[in-house]
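Participant: The primary structure of each chain is shown beneath.
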Amino acid sequence: DTAVSQTPKYLVTQMGNDKSIKCEQNLGHDTMYWYKQDSKKFLKIMFSYNNKELIINETVPNRFSPKSPDKAHLNLHINSLELGDSAVYFCASSQPTGMVQFFGPGTRLTVL
Amino acid sequence: DAKTTQPTSMDCAEGRAANLPCNHSTISGNEYVYWYRQIHSQGPQYIIHGLKNNETNEMASLIITEDRKSSTLILPHATLRDTAVYYCIVRGTTNSGYALNFGKGTSLLVTP
Chain D
1 DTAVSQTPKY LVTQMGNDKS IKCEQNLGHD TMYWYKQDSK KFLKIMFSYN
51 NKELIINETV PNRFSPKSPD KAHLNLHINS LELGDSAVYF CASSQPTGMV
101 QFFGPGTRLT VL
Chain Y
1 DAKTTQPTSM DCAEGRAANL PCNHSTISGN EYVYWYRQIH SQGPQYIIHG
51 LKNNETNEMA SLIITEDRKS STLILPHATL RDTAVYYCIV RGTTNSGYAL
101 NFGKGTSLLV TP
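Keeping their order, the protein sequence lines are chains D and Y. Okay, so the first sequence: first residue is 1 according to our numbering, each after it adds one. Okay, so the second sequence: first residue is 1 according to our numbering, each after it adds one.
Think of the hints as simulated: they come from the structure by calculation, not from any bench. What you are looking at is a predicted structure, and each value in this text was computed from that prediction instead of being measured. Honestly, I wouldn't trust all of these hints.
[Claimed, not checked] Calculated lysine-lysine pairs in the DSSO-like style (CA-CA distance at most 27 Å, straight line): (1) D:K19 <-> D:K52; (2) D:K9 <-> Y:K104; (3) Y:K3 <-> D:K36.
Here chain D stands alone, though its shape is the one from the complex:
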């Protein structure tokens, strides 16, 4: 009965490949997010969606494309992976005010 789940937990891939990370929440929330935590441990917002509509796109390269097929899912597709994309990616969800956000366990992406 995990609240926010992500798959895969680990992802190792070569530069130039295209990969996707999936996120699902069973909390009935309308708002979902992707955050990126780099090697220096800074946690930064990438995207937020409310009712399947994009709300935030924080100067993320257009190689990153979030897709929300329904309110319970927000997937992250990354084209032409680069070394600098190596990080831990966290999905989160909340009610629309975003006051309390529930985070998934993270996906550790390593680009070789």
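Knowing the structure of chain D, use the given hints to seat chain Y on it.
Facilitator: Here is chain Y on its own, set in the frame of chain D:
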């Protein structure tokens, strides 16, 4: 969102109270103080939030000064499992996009 300042690191003996300070001198009237923590290799976890009154839940207590320029998160009986990075975040309910701006946080080490 108002900027927050936290000590880089703190130690606490197991079983003692851990008091984590946060300065937010530019906080505005409609901005809340939130605390999250991130245990190693896990997603951030919501702890508590407040506007101006002190708050307590099963995890912690939040003490906000009368002028609201600083606050303290109190873990009343710290355990080894409370070792984590603790983030103090200030934001309003009308923040566009609902994102949380994580700073560097305080790395709390609970020792036996």
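Participant: All hints, please: hold or fail.
Facilitator: Results of checking the hints against the structure:
1. D:K19 <-> D:K52: Between K19 (chain D) and K52 (chain D) the Cα gap is close to 21 Å, so the pair holds against 27 Å.
2. D:K9 <-> Y:K104: holds (24 Å)
3. Y:K3 <-> D:K36: holds (20 Å)
Of the hints listed earlier, there is not a single one the structure fails to meet.
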